[in-house]
Every structure is written in C-alpha cells, then in structure tokens.
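Starting from the known structure of chain Z, fit chain A onto it as the hints suggest.
Number of protein chains: 2
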Amino acid sequence: MIEFIDLSQEKPYQVFKDSYEHALENKQSAIDAISISSYNPELSEVESRFVNLKYIVNDEWIFFSNYASAKSKSFKMHPQISAVIYWKKTNTQIRIKAKIFKTAEKFSNKHFESRSTEKNALAISSNQSQIIESFENIKTKYLETLNNKDLLQTRPSYWGGYSFRPYSFEFWTGDKFRLNKRSLYIKNKDNWDYYLLEP
Amino acid sequence: MIEFIDLSQEKPYQVFKDSYEHALENKQSAIDAISISSYNPELSEVESRFVNLKYIVNDEWIFFSNYASAKSKSFKMHPQISAVIYWKKTNTQIRIKAKIFKTAEKFSNKHFESRSTEKNALAISSNQSQIIESFENIKTKYLETLNNKDLLQTRPSYWGGYSFRPYSFEFWTGDKFRLNKRSLYIKNKDNWDYYLLEP
Numbered sequence: 001m002i003e004f005i006d007l008s009q010e011k012p013y014q015v016f017k018d019s020y021e022h023a024l025e026n027k028q029s030a031i032d033a034i035s036i037s038s039y040n041p042e043l044s045e046v047e048s049r050f051v052n053l054k055y056i057v058n059d060e061w062i063f064f065s066n067y068a069s070a071k072s073k074s075f076k077m078h079p080q081i082s083a084v085i086y087w088k089k090t091n092t093q094i095r096i097k098a099k100i101f102k103t104a105e106k107f108s109n110k111h112f113e114s115r116s117t118e119k120n121a122l123a124i125s126s127n128q129s130q131i132i133e134s135f136e137n138i139k140t141k142y143l144e145t146l147n148n149k150d151l152l153q154t155r156p157s158y159w160g161g162y163s164f165r166p167y168s169f170e171f172w173t174g175d176k177f178r179l180n181k182r183s184l185y186i187k188n189k190d191n192w193d194y195y196l197l198e199p
Numbered sequence: 200m201i202e203f204i205d206l207s208q209e210k211p212y213q214v215f216k217d218s219y220e221h222a223l224e225n226k227q228s229a230i231d232a233i234s235i236s237s238y239n240p241e242l243s244e245v246e247s248r249f250v251n252l253k254y255i256v257n258d259e260w261i262f263f264s265n266y267a268s269a270k271s272k273s274f275k276m277h278p279q280i281s282a283v284i285y286w287k288k289t290n291t292q293i294r295i296k297a298k299i300f301k302t303a304e305k306f307s308n309k310h311f312e313s314r315s316t317e318k319n320a321l322a323i324s325s326n327q328s329q330i331i332e333s334f335e336n337i338k339t340k341y342l343e344t345l346n347n348k349d350l351l352q353t354r355p356s357y358w359g360g361y362s363f364r365p366y367s368f369e370f371w372t373g374d375k376f377r378l379n380k381r382s383l384y385i386k387n388k389d390n391w392d393y394y395l396l397e398p
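Which chain is which? The protein sequence lines are Z and A, in order. Numbering-wise, my numbering puts 48 at position 48 of the first sequence, and it's gapless, one number per residue. Numbering-wise, my numbering puts 336 at position 137 of the second sequence, and it's gapless, one number per residue.
Quick caveat, the hints were computed from the structure, so don't treat them as lab data. Owing to the predicted nature of the structure, the values given are computational and were not obtained by experimental measurement. Note that CB positions come from ideal geometry on N, CA and C, so glycine has one too. Fair warning: there could be bad hints in the mix.
Listed next, the stretches of chain Z that the computed footprint assigns to chain A, with coverage defined by at least 3 CB atoms under 8 Å from CB atoms of chain A [unchecked claim]:
(1) 3-10
(2) 71-83
(3) 119-125
Each computed DSBU-like pair below joins lysine-lysine, with the alpha-carbon atoms no more than 30 Å apart [said to hold, decoys possible]:
(4) A:Lys-380 x Z:Lys-119
(5) Z:Lys-54 x A:Lys-226
(6) Z:Lys-27 x A:Lys-216
(7) Z:Lys-102 x A:Lys-380
(8) A:Lys-288 x Z:Lys-88
(9) A:Lys-272 x Z:Lys-99
(10) Z:Lys-181 x Z:Lys-27
(11) Z:Lys-176 x A:Lys-272
(12) Z:Lys-73 x A:Lys-287
(13) A:Lys-216 x A:Lys-288
(14) Z:Lys-89 x A:Lys-318
(15) Z:Lys-99 x A:Lys-275
(16) A:Lys-226 x Z:Lys-76
Bound-form chain Z, shown alone:
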C-alpha cells in the first residue's frame, strides 16, 4: 500500500490516485512495487531494481534505502531517474521521469520509528549490495544487531528516504490488438502540458 499525504491537486497526481484506487478495487497485488532506474555515468550503465513505494507527500514520491548502496551512488552522480509501475489487474502502466534527492531527515526519522525492530535491525546491520562470503555471516551480524538495544534506538545516518519529484508522467492502458491508450503529462513551469501518444 502507498500512503498518500496531502496529495498534490495537480492533474497527473489525481489521475494517478484514480488509477491506484481502480487497481486496488481490482485486488492488484504488490500495488506498491515500482521499478526505479538510474544511470551510472562512471560505468555508462543503466541499472534497475524494484522498491516499495511507501508515501506520496504532496508531489514527493518516497521509498527507503541504504545511502551507501550502488543506487545511491548513481543518484548522486546523475539525479535523474525513471520509474515504472505495471498493474496487471487493470492492464495499466505508469511511466515517470523525475529528479531524485534525499528525503528530509525528520521524515526519515519518523518512518524509521514506525517500523518493526526486526526490519530496522537489518537496515542497521547490512552494507547493502556489498559482496559477502556467506549468508551465515549476514545472519550472525543481523542477530547481533537485533540484540543491541542501544543501536536500535536511532536511525543510522546511512539509511533513509529517497524522494523523487516527477516532471513527466505517461499513463498507458492496454487495449485489444494493442490499440493502447497513452496520455502524456509534461511539467512546464507551474503547469502540465498534456498530449495523446500513438499506441
């Protein structure tokens, strides 16, 4: 589930909300799964991974990550990303382009405090995406953290939210024979330009 807080009244946000509710009514599973793609200019490589989208606060889309992970390095070097969602139950695809930045610390603290101790222990203990010798080492490190009450009290500085603010939305709905409906919204100063696209 995505939590909406003071959602922007701008048109593509309202279209998104309607589309989300429609998917929810149709019992779409993993409705908060979103693929985030970044570019690493040092390696000249595009990389993608699914994350759980947790919040949309006004026009900020928020998920959580380790700030020393490979994706965090790419976000820093190239703060433009793409995001894409596909909801099978309604045959809807939402394509986004956005600028990404770290979420305000206060918000990350609040979210950290709302999570289970078990999840937070992993956020603290893991050097996300580093190569390891064995899965057993990970488990040992995890269990040690879980037993360290002091460590568990505070959000570590290397873990928190990423916020992205879209400047382009495409809403795609599949239709028979691929006569798909495609609507594009592009941010133009304070407005959103609207276009229809060929299927």
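Frame of chain Z, contents of chain A only:
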C-alpha cells in the same frame, strides 16, 4: 508466456529457467512482463517501459517494437540497457544488464507471420510514441490498414525484434525482515563469476 528455444546451458540461464517454472507453477500472472530501461545521451535521461518478452533463443532475449520509437533511438545511441522482472507469487526479482541490438530479419519475419492480422495492422499503422490529435484518427488509420490485404502481407522495415544479451544477472528472493537472498552472476569472457550480495 516466454518461449524458450535452445536455451543456453550456462548457469544463470538455468537458474532463470528454474525460477520461471517455479513462478509458473505458482500461477504468476503477466509472467512475460519485463521492464526495459534505456539511456538517451542527448537528453541525459533514463527512460523505462514494460514490454512482453517473447523468446529466449540460446542467450538472446527478444521482444518486438517499432524501430522508429523513442526507445529505439536510445538503444542506437546507447546500446546498454537494464531489464528487471518481479514475480510477486514467488517474491522473486531478476535484475539484468545487457547489450541490445536488432534481431535477425529472418526471425522478425517469422514472428510477424505468426501473429494475428489484427495485431500486425497496428504494427504497420502506428508511428509509435508520436503525439496525436485524437484517438479517433488512430482508429481510422488502423481500420484502413486492416482492410489493406497487400500491406498486411509483409513485415514493415520499421517494425521488428530487439535482442538483448545479458552480461550481468542478479537473482533476488525476498525473505522476512528483509533478510533477502541475492546472487550475482557477471560474465567474464566465457565464464560467469558468481557472488553473494548483502541484503
């Protein structure tokens, strides 16, 4: 559904096949939906979209597209892409990095001939991703093409397959408290180096 033809015997392909069959047994829907992300160096932008993965022929992963579409331009300028699949039913994510190129014409012809006339009419009639005035125009153009028997006989040169050949695979399986299992395979000449990653 993905059609496997003479699938590579190399390790990550066999891991993929097992993972696919496991998801299929668990009745995963949209099992062939894969997010493809590309980089446009002119715009310095990452872009993503879902496509239907149709075939894996040995080590070539194949989907079909309009060759004049926005993504085709990005593939030409920057032939490295990322691909990602998420199967909710088995809580499995597969992350791929690959080089992309046009599929052999013979193969594209064969696939075009295997498709329904209704789908091919759209492949012929659509200038994919172009801005349009109204959806009615698209429908009219589509229906005109559908009635043109001559046009429908041959695959147009602007539509065909894209093949990508992975050089990196990550298999990710979600576990409780985010103690996820992550295995990385990286192509090293004719072999695949194998690593475990921190969750």
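Agreement of Lys-272 (chain A) and Lys-99 (chain Z) with the hint, judged by alpha carbon distance not exceeding 30 Å
holds, 22 Å
Given the hint that Lys-102 (chain Z) pairs with Lys-380 (chain A), test it: the Cα-Cα distance must not exceed 30 Å.
holds, 26 Å
Against the 30 Å threshold, does the CA-CA distance of Lys-380 (chain A) and Lys-119 (chain Z) hold or violate the hint?
Cα-Cα ~15 Å, so holds.
With the threshold set at 30 Å, check whether the alpha-carbon distance from Lys-27 (chain Z) to Lys-216 (chain A) stays at or below it.
holds, 28 Å
For the segment 3-10 of chain Z, count the residues whose Cβ lies under 8 Å from any Cβ of chain A; is that count three or more?
Coverage by chain A is violated here, the residue count being 0 at a Cβ distance below 8 Å.
With a C-beta cutoff of 8 Å, work out whether three or more residues of the segment 119-125 of chain Z approach chain A closely enough for the coverage to hold.
holds (count 4)
Outcome, coverage hint (the segment 71-83 of chain Z, chain A; C-beta under 8 Å; three residues):
Result for this restraint: holds, n = 5.
Within a Cα-Cα threshold of 30 Å, do Lys-288 (chain A) and Lys-88 (chain Z) meet the stated pairing?
holds, 13 Å
Can the restraint linking Lys-89 (chain Z) and Lys-318 (chain A) be considered satisfied, given a maximum Cα separation of 30 Å?
Given that 30 Å is the threshold and the Cα spacing comes to 22 Å, the pair holds.
Taking only the CA atoms, is the gap from Lys-54 (chain Z) to Lys-226 (chain A) under or equal to 30 Å?
holds, 27 Å
Would the pair Lys-73 (chain Z) and Lys-287 (chain A) pass a check requiring their Cα atoms to be no farther apart than 30 Å?
holds, 28 Å
Would the hint linking Lys-226 (chain A) and Lys-76 (chain Z) be met if the CA-CA limit is 30 Å?
The hint is violated at about 39 Å.
When each numbered hint is compared with the structure, violations occur for hints 1 and 16.
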